[in-house]
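Novice: Sequence:
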Amino acid sequence: MNGRVFLVDWDAALAQRRAHELTAAGWQVDVESEDGGRAYQRIKTQPLDVVVIDLSLRPSHGRRTAAALREHRATRDLPIVSVDGTANFIETASVQVPDAVFTTSAKLRSALAALASPPCRA
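Numbering (this note's numbering), first residue to last: 60 to 181.
Heads up, some of the hints might be wrong.
Stated by the list, open to error - Cross-link-like lysine to any residue pairs, in silico, SDA-like; alpha carbons within 25 Å at most:
#: 1; residue 1: Lys103; residue 2: Leu81
#: 2; residue 1: Lys103; residue 2: Ala146
#: 3; residue 1: Lys103; residue 2: Phe161
#: 4; residue 1: Lys166; residue 2: Ala146
#: 5; residue 1: Lys103; residue 2: Leu174
#: 6; residue 1: Lys103; residue 2: Gly85
As the list claims (entries may be wrong) - What follows is a list of derived Cβ distance ranges for each label pair:
#: 7; residue 1: Gly85; residue 2: Thr163; range: 26 to 34 Å
#: 8; residue 1: Asn147; residue 2: Pro106; range: 30 to 38 Å
#: 9; residue 1: Glu130; residue 2: Glu80; range: 26 to 34 Å
#: 10; residue 1: Gln155; residue 2: Gly85; range: 27 to 35 Å
#: 11; residue 1: Asp158; residue 2: Gly62; range: 23 to 31 Å
#: 12; residue 1: Ala133; residue 2: Arg76; range: 27 to 35 Å
#: 13; residue 1: Pro157; residue 2: Ala72; range: 26 to 34 Å
#: 14; residue 1: Gln155; residue 2: Thr82; range: 28 to 36 Å
#: 15; residue 1: Arg132; residue 2: Asp70; range: 26 to 34 Å
#: 16; residue 1: Ala83; residue 2: Ala126; range: 26 to 34 Å
#: 17; residue 1: His131; residue 2: Ala83; range: 29 to 37 Å
#: 18; residue 1: Thr82; residue 2: Glu150; range: 25 to 33 Å
#: 19; residue 1: Pro106; residue 2: Thr145; range: 27 to 35 Å
#: 20; residue 1: Gln100; residue 2: Ala165; range: 28 to 36 Å
Hint data in this document are derived by calculation from the structure and do not stem from the laboratory.
Glycine included, C-beta positions come from ideal geometry on N, C-alpha and C.
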C-alpha cells in the first residue's frame with residue numbers, strides 16, 4: 060500500500076472515480092465531496108499521508124480548505140496536492156498555500172508516487 064489519501068472533490072461522481080483509480084494504484088482513500096468544513100474536521104482527526112483537493116469545481120472552497128489545513132498545527136506539514144483548476148485559481152491558491160503541489164488529473168498518480176517515495180540520498 061502506498062499510504063492514506065484524503066480526497067476533497069466537489070463533484071461526487073468524479074470523486075468516486077478518482078478514489079477508485081487511486082485505490083487500484085494501492086492507496087487507501089477517504090472522500091469528502093459536499094462540505095469543506097467537514098473535510099477539514101475529518102482530516103484533522105485522521106492519520107494521513109497526503110490530502111488531494113480538486114480545484115476545478117468550487118475552487119475557492121478548495122483553496123480555503125487548504126489554507127485552513129496550513130493554519131492548524133496538526134496538519135501544517137501534511138502534503139497537499141491540488142488538482143486541475145484555472146490558471147487564475149492556481150495562482151491564487153499558490154500564494155495562500157505555497158508548498159502545495161499543483162498538478163493535473165492526468166499526472167495525479169505520478170505526483171502522489173513522488174510524494175510517497177523516500178528522497179534519494181547521494
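Novice: Work down the list of hints and note, for each, if the structure agrees.
Specialist: Here is how each hint holds up against the structure:
1. Lys103 - Leu81: holds, 21 Å
2. Lys103 - Ala146: violated, 29 Å
3. Lys103 - Phe161: holds, 22 Å
4. Lys166 - Ala146: holds, 16 Å
5. Lys103 - Leu174: holds, 20 Å
6. Lys103 - Gly85: holds, 23 Å
7. Gly85 - Thr163: 26 to 34 Å: Since the Cβ atoms of Gly85 and Thr163 sit about 20 Å apart, the hinted range of 26 to 34 Å is violated.
8. Asn147 - Pro106: 30 to 38 Å: About 34 Å separates the Cβ atoms of Asn147 and Pro106, which means 30 to 38 Å holds.
9. Glu130 - Glu80: 26 to 34 Å: The hinted range 26 to 34 Å holds for Glu130 and Glu80, with Cβ atoms some 30 Å apart.
10. Gln155 - Gly85: 27 to 35 Å: Taking Cβ atoms as reference, Gln155 and Gly85 lie about 30 Å apart, which means the hint holds.
11. Asp158 - Gly62: 23 to 31 Å: violated, 18 Å
12. Ala133 - Arg76: 27 to 35 Å: holds, 30 Å
13. Pro157 - Ala72: 26 to 34 Å: Hint holds: Cβ distance 31 Å, inside 26 to 34 Å.
14. Gln155 - Thr82: 28 to 36 Å: holds, 29 Å
15. Arg132 - Asp70: 26 to 34 Å: holds, 31 Å
16. Ala83 - Ala126: 26 to 34 Å: holds, 31 Å
17. His131 - Ala83: 29 to 37 Å: holds, 31 Å
18. Thr82 - Glu150: 25 to 33 Å: Roughly 32 Å apart at Cβ, these two residues keep to the hinted range, so it holds.
19. Pro106 - Thr145: 27 to 35 Å: holds, 33 Å
20. Gln100 - Ala165: 28 to 36 Å: holds, 31 Å
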